[in-house]
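Please take these sequences and the hints and turn them into a complete structure.
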Amino acid sequence: MLQHPDKAYINPVHIQSRDQHAYCNAVEEDLDGEPWFLDIKQYMQLGEYLAYATNDQKRAISHLASGFFLSGRILHKRIPDLGLLRCVDAREASTIMVEIYSGVCGSHMNGHALSKKILREGYYWLNMERDSIQFV
Numbered sequence: 616m617l618q619h620p621d622k623a624y625i626n627p628v629h630i631q632s633r634d635q636h637a638y639c640n641a642v643e644e645d646l647d648g649e650p651w652f653l654d655i656k657q658y659m660q661l662g663e664y665l666a667y668a669t670n671d672q673k674r675a676i677s678h679l680a681s682g683f684f685l686s687g688r689i690l691h692k693r694i695p696d697l698g699l700l701r702c703v704d705a706r707e708a709s710t711i712m713v714e715i716y717s718g719v720c721g722s723h724m725n726g727h728a729l730s731k732k733i734l735r736e737g738y739y740w741l742n743m744e745r746d747s748i749q750f751v
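Add 615 to the 1-based position in the sequence shown for this note's numbering, that's all there is to it.
Don't take every hint at face value.
The calculated lysine-lysine pairs, modelled on DSBU-like cross-linking and capped at a C-alpha distance of 30 Å, are [what the hints assert, rightly or not]: (1) Lys656 x Lys731; (2) Lys692 x Lys732; (3) Lys692 x Lys673; (4) Lys732 x Lys673; (5) Lys673 x Lys656.
Hint data in this document are derived by calculation from the structure and do not stem from the laboratory.
Set out below in structure tokens:
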């Protein structure tokens, strides 16, 4: 227990540890060969969750889906300042980084500038800034 000048004590903070994965952490790569947004897209298209999803994961998916927009078969992320950004998988993301960094789109830049330029071009993936920094 800690002492505080205004109080006799400060209540300790209890931290919980979860066994399930958290959606706030981005994955390094597509381990199962499916895009990172498959569960959100399936929920928006069919209103169904993946077969192995737990109740907590189902709640997280339905909450995350409110920030996305499905146009036909293409999933977009809603960003207030940038409008709709097209969600891409890891393979397409590497092609986009090459094209924007050294291809027809222009000059060589650092990782942060590259990720901002990719956003302005209308593309999105979870670990865009980290991938851009590693690419440069």
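Hint by hint, here is what the structure shows:
no. : hint            : in the structure
1   : Lys656 x Lys731 : holds, 25 Å
2   : Lys692 x Lys732 : holds, 16 Å
3   : Lys692 x Lys673 : holds, 19 Å
4   : Lys732 x Lys673 : violated, 33 Å
5   : Lys673 x Lys656 : holds, 13 Å
Checked against the numbered hints given earlier, this structure breaks only hint 4.
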